[in-house]
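*Asks:* These are the residues of each chain, in order.
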Amino acid sequence: MDTMTADGLLLPWPDDDGEPFWEYTRRGELRVQACADCGRLRFPPRPCCPQCGSFADEWRLMSGRGRLWSFVVAHPPLLPAYAERAPYPVAVVELDEDPKIRLVGTLTSSPRRPNAPWNAVPAQRLRIGAPVQAVFQAVTPEVTVVRWALCGS
Amino acid sequence: MLKDRTAVVGIGQTRFAKHLEESEKALACRAVLAALDDAGIEPREVDALASFTMEETDEVELAKAIGAGDIIFFSRAGFGGGGSCATVAHLAMAVASGQASVGVAWRSRKRGSGKRPWTNTTQQLPTPAQWTRPFGLLRPADEIGMLARRYMHEHGATRDHLFNVALACRNRANQNPDAIMYDRPLTREMYMDARWISEPLCLYDNCLETDGALACVVVSAERARDCRRKPVYLHSVAQGLPAQHHGMVNYWNDDPLTGPAWAAARQLWKTADFGPEDVDVAQIYDAFTPLIPLSLEGYGFCGRGEGAAFTEGGALELGGRLPVNTGGGGLSEGYIHGFNLINEGVKQLRGISTAQVPDAATCLVTAGEGVPTSALLLRA
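Which chain is which? The protein sequence lines are C and P, in order. In this text, residue positions in the first sequence follow the numbering used here: the first is 1, and each later residue adds one. In this text, residue positions in the second sequence follow the numbering used here: the first is 1001, and each later residue adds one.
Simulated from the structure, these hints should not be mistaken for laboratory data. A virtual CB, placed ideally from N, CA and C, is assigned to each residue, including glycine. A hint or two may mislead.
Claimed, not checked - A few chain C residues facing chain P, derived, Cβ under 8 Å:
{"no.": "1", "residue": "11"}
{"no.": "2", "residue": "41"}
{"no.": "3", "residue": "47"}
{"no.": "4", "residue": "49"}
{"no.": "5", "residue": "70"}
{"no.": "6", "residue": "75"}
{"no.": "7", "residue": "79"}
{"no.": "8", "residue": "102"}
{"no.": "9", "residue": "105"}
{"no.": "10", "residue": "123"}
{"no.": "11", "residue": "128"}
{"no.": "12", "residue": "150"}
To be verified - Covered, in the sense of this in silico footprint (three residues per stretch, anywhere, with C-beta under 8 Å from a C-beta of chain C), are these stretches of chain P:
{"no.": "13", "stretch": "1183–1195"}
{"no.": "14", "stretch": "1295–1307"}
Unchecked claim - In silico negatives: residues of chain C with every beta carbon more than 10 Å from chain P:
{"no.": "15", "residue": "15"}
{"no.": "16", "residue": "20"}
{"no.": "17", "residue": "24"}
{"no.": "18", "residue": "29"}
{"no.": "19", "residue": "31"}
{"no.": "20", "residue": "44"}
{"no.": "21", "residue": "54"}
{"no.": "22", "residue": "56"}
{"no.": "23", "residue": "60"}
{"no.": "24", "residue": "65"}
{"no.": "25", "residue": "77"}
{"no.": "26", "residue": "96"}
{"no.": "27", "residue": "111"}
{"no.": "28", "residue": "118"}
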């Protein structure tokens, strides 16, 4: 399995529990693992429910809406492909469905620009709590990552 | 059960530098032999070894090289920098329970001249990295920077608070001839103008990658009375991996700003005869400056959200409310994965620190916060 894109970005290396997440993003769906018995969402995915112990799970479709929980702006020293893109912001986004489900992602300037450069949104435009929308970017034929577009942009 | 039944009786270290010629294994042996000599104990008497993960010198090589006797207890605590104090805690448990009699813990690193661990891409990609690294969140500085910005947002912490931490460590390093930053003062202007690493963290919010090694020796309180130096008792020890925690990217539990320190602290104080207000000096793991206000809260020196304000008015400086990292810490003495904090705690209670707190009788030492952690309460 490839661990990097042709231009040197790291690819996810899913474990058994994480595999469905990446299957769904490839189809353009943001789904989060939930307990099929007690219904609680959980992330990152794992074999059983920390609330009720059930091993039955389902992957629930999310709206893709959320808010910035926090962000950093990464500057070198970084791996070469990342240094080329720096400085770039990376955010943790809390989902509207459950603010304790938080996803890491880069930002894009518009839902219509999934392939925008990593530094497309200047850090000065970011603030904690800002609403964002999931955007799907196919980085290889097999792997699609979720990015985040500031709402209203 | 454990309280004051064991003691640190020997400490040893090599030089700290950006580059040392010798191998990690050789440095480890030098530190261990120095610690045993400090204790006045022969290497063949060593029967217990404790280390923590990311240590390249293994027990077999070390025991063979120093001429140890039969080793009947060995242990390796997990989670890198979170395990530094756990090494001593495991030896204390082994010795107090009669499983061993002379324990040695150590850390040897060549990170000043070697590779940064985050550049090893393939080893880092499986869980939990599949949720962070493909998105450009690559380094520990990024992972902690994320918590730091949230902390600033929730509690009104500022870069000046982080500077207070960096400055306290640097000022102590300026008193310590063994520190890498011995002759390099820091000013607020230098801090505020420094280049970013992972905004909101700048260069001076990050520890020093360092070559060097340290070790310490743990024996029973009875045996300690016959050793060469004044014993420093292990009053209370703890490890902490809180509910629903997730590695260093702890963004998914109920409250990511109350990390492993809180879990370790609950156990630490439960078995102690005194509380945070009775701690004379603290050695708090400082891979990054924000770990200090977060740890001050976790270990109960102030309330939730008050850690940044605690740093004001010179509180962390010598003579302040709680002098911290009196050897200079990871930020300015050298980053030997937190082990230099253990030895500095022992120096304080022996009364031989280069930045001695007068009559220091109690010291808290902590391991890496953010990752599953450990801590020691030392008593003179």
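*Asks:* All hints, please: hold or fail.
*Replies:* Going down the list of hints, with the structure as the test:
| no. | hint | in the structure |
| --- | --- | --- |
| 1 | 11 | holds (6 Å) |
| 2 | 41 | violated (11 Å) |
| 3 | 47 | violated (12 Å) |
| 4 | 49 | violated (12 Å) |
| 5 | 70 | holds (4 Å) |
| 6 | 75 | holds (4 Å) |
| 7 | 79 | holds (6 Å) |
| 8 | 102 | holds (5 Å) |
| 9 | 105 | holds (5 Å) |
| 10 | 123 | holds (7 Å) |
| 11 | 128 | holds (5 Å) |
| 12 | 150 | violated (16 Å) |
| 13 | 1183–1195 | violated (count 1) |
| 14 | 1295–1307 | violated (count 0) |
| 15 | 15 | violated (5 Å) |
| 16 | 20 | holds (12 Å) |
| 17 | 24 | holds (14 Å) |
| 18 | 29 | holds (17 Å) |
| 19 | 31 | holds (14 Å) |
| 20 | 44 | violated (6 Å) |
| 21 | 54 | holds (17 Å) |
| 22 | 56 | holds (20 Å) |
| 23 | 60 | holds (16 Å) |
| 24 | 65 | holds (18 Å) |
| 25 | 77 | violated (8 Å) |
| 26 | 96 | holds (16 Å) |
| 27 | 111 | holds (17 Å) |
| 28 | 118 | violated (7 Å) |
Figure legend: structure checked against the earlier numbered hints; hints not met, in rising order: 2, 3, 4, 12, 13, 14, 15, 20, 25, 28.
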